[in-house]
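Mind docking chain B on chain C? Use the hints.
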Amino acid sequence: MSTQSIPGEGWAVATHALCKRYGRETVLDGVGLRVPEGAVYVLAGANGAGKSTTLRVLMNLARPDAGRAEVFGMDTGLRGPEVRARIGYVPEHHDHGYGWMTCGRLLRHVARYYPAWNQSYADHLARALDVRLDRTVGSLSKGGARRLQLVLAMAHRPPLLLLDEPTDGLDPVVRSRTLGLLAEHLADTPTTVLVSTHLIYEVESLADHVGVLREGRLVAQLSRDELRRTVRRYRAEVPEGWKAPPGLEVMRTRRSGREVQWTALGDEREVTERLSMAGAQVREVSPLALEEAALAFLTGEVTQ
Amino acid sequence: MLVNLDPRDARPLYLQIMDEVRRALVVGTLRPEDPLPSVRELAADLAINPRTVSQAYGELEREGIVYVRRGQGTFVAPDARPDREALGRAVAKRALLEARRNGLGAEELVAIIREVAAGEEDREPSRAAANQGERE
Chain C
1 MSTQSIPGEG WAVATHALCK RYGRETVLDG VGLRVPEGAV YVLAGANGAG KSTTLRVLMN
61 LARPDAGRAE VFGMDTGLRG PEVRARIGYV PEHHDHGYGW MTCGRLLRHV ARYYPAWNQS
121 YADHLARALD VRLDRTVGSL SKGGARRLQL VLAMAHRPPL LLLDEPTDGL DPVVRSRTLG
181 LLAEHLADTP TTVLVSTHLI YEVESLADHV GVLREGRLVA QLSRDELRRT VRRYRAEVPE
241 GWKAPPGLEV MRTRRSGREV QWTALGDERE VTERLSMAGA QVREVSPLAL EEAALAFLTG
301 EVTQ
Chain B
1 MLVNLDPRDA RPLYLQIMDE VRRALVVGTL RPEDPLPSVR ELAADLAINP RTVSQAYGEL
61 EREGIVYVRR GQGTFVAPDA RPDREALGRA VAKRALLEAR RNGLGAEELV AIIREVAAGE
121 EDREPSRAAA NQGERE
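Residue numbers (the working numbering), protein chains in the order written: chain C, 1 to 304; chain B, 1 to 136.
These are calculated hints, taken from the structure and not from any lab test. Warning: the hint list may mix true and false statements.
Said to hold, decoys possible - Taking beta-carbon pairs under 10 Å as the criterion, some of the chain C residues facing chain B (in silico): (1) Leu179; (2) Ala183; (3) Ala207.
Stated by the list, open to error - Far from chain C, by Cβ distances over 12 Å, these chain B residues were calculated: (4) Arg8; (5) Glu20; (6) Arg40; (7) Ala44; (8) Gly58; (9) Gly64; (10) Arg101; (11) Val116.
All C-beta atoms in this analysis are idealised placements derived from N, C-alpha and C, irrespective of residue type, glycine included.
Isolated chain C (complex conformation) (with noise of 0.2 Å):
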């Protein structure tokens, strides 16, 4: 490995800018992705968000109209074999193309490509995930596309896991499985994982980074403990006829008769105060779970 100092240093996955067009339609807007070494960040989105975009971008598979990206501080653009050798991508989509091959076969046709492949790791997973070695690959359902996706992605323990809702088609005992999975992965092998989901809940206990993407722009960008700081829930009694006072950054009104509810934005007790200061009398102040905070920011209208 190189010893000369690179740009992004300490970023896993570093884009700038950067924009995707296809036809008139903007799928990604002056993106800046700053996925630290060694996190699980997780990038959140709706449908058609941009997500999918993003990590074919990473994996040099789409090339971007404007802006760039680094994975280790490599450009894809420029690196793209150096760049996929390091990383495992499990893709959006189940087809695998090698309809014809068996699982087994094609597990050792893909080791060929990888020096770090580790085939007892493989067979492991294999066996963890139910991967039948004999079944052809075009035989598999959806599931069981995935699920051996998962064991190409994680065989040779690459530095990056890019990993597109990597539970798609799973059923929830796989999918309990996968992540208890994921999760000795990480214990065993320093690994940056980034994964693209719109069911947040899935990939909360692993996750410690989050960004949301809402139509091609990067709305937050934050980790788990800024997340738990910044993003509260208040809720308070209120006179009749009570307006709120200017300058909070609420993401998320509920309103009935004398009771108000917030998710807001800013320090907890700037906010107290400022709701008190106005006449509410806050009686309860949360911290929100990971996928409720990602929710605000997604329908909300405050960016961050």
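What follows is chain B alone, placed relative to chain C:
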């Protein structure tokens, strides 16, 4: 020791793990010199980030509740005492939070808890006795 996490609990997971260890010490399922599950085991078991487990164990080590034997894992410290008070404070904090949410004051809550507990002891003398025994 079995660790259970509550996904609806808004506290960080590492704090929940620490409380589970404290709880196990108090109820006696974990005793001095017992091994804790390895980081890898517990992470895989709960499908959580191994760093979260390491963070919990690290904090417990700082508090002197556990210690690390090189190459062997994490063990309960020989002089680790079940900290009933710390555990009680955590329970009290949760109860107070819930009380305030329901518009109840601390004094009000305490009085009601006494009343309810007295009622339980009348109805279930055997259970009350068992609770008494736990305190010795």
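A quick look at each hint next to the structure:
1. Annotation: Leu179(C) was flagged as interfacial toward chain B, and the flag holds, the nearest CB pair being 4 Å apart, inside 10 Å.
2. Restraint check, Ala183(C) versus chain B: the minimum CB separation of about 4 Å is within 10 Å; hint holds.
3. Look at Ala207(C): its Cβ gets to within about 7 Å of chain B, closer than 10 Å, so that hint holds up.
4. With a cut of 12 Å on Cβ distances, Arg8(B) falls inside the contact zone with chain C, its closest approach being about 8 Å.
5. The beta carbon of Glu20(B) sits about 15 Å from the closest Cβ of chain C, which is more than 12 Å, so the claim that it is off the interface holds.
6. Consistency note on Arg40(B): stated as away from chain C, yet its beta-carbon is not over 12 Å from all of that chain's, at 4 Å minimum.
7. Not every Cβ of chain C is farther than 12 Å from the Cβ of Ala44(B); the closest lies at roughly 4 Å, contradicting the non-interface assignment.
8. Residue placement check: Gly58(B) keeps its beta carbon more than 12 Å from all beta carbons of chain C (closest about 15 Å).
9. Residue placement check: Gly64(B) keeps its beta carbon more than 12 Å from all beta carbons of chain C (closest about 25 Å).
10. With a least beta-carbon separation of about 5 Å from chain C, Arg101(B) fails to lie farther than 12 Å from that chain, contradicting its non-interface assignment.
11. Every beta carbon of chain C lies more than 12 Å from that of Val116(B), the smallest distance being close to 23 Å; the non-interface claim holds.
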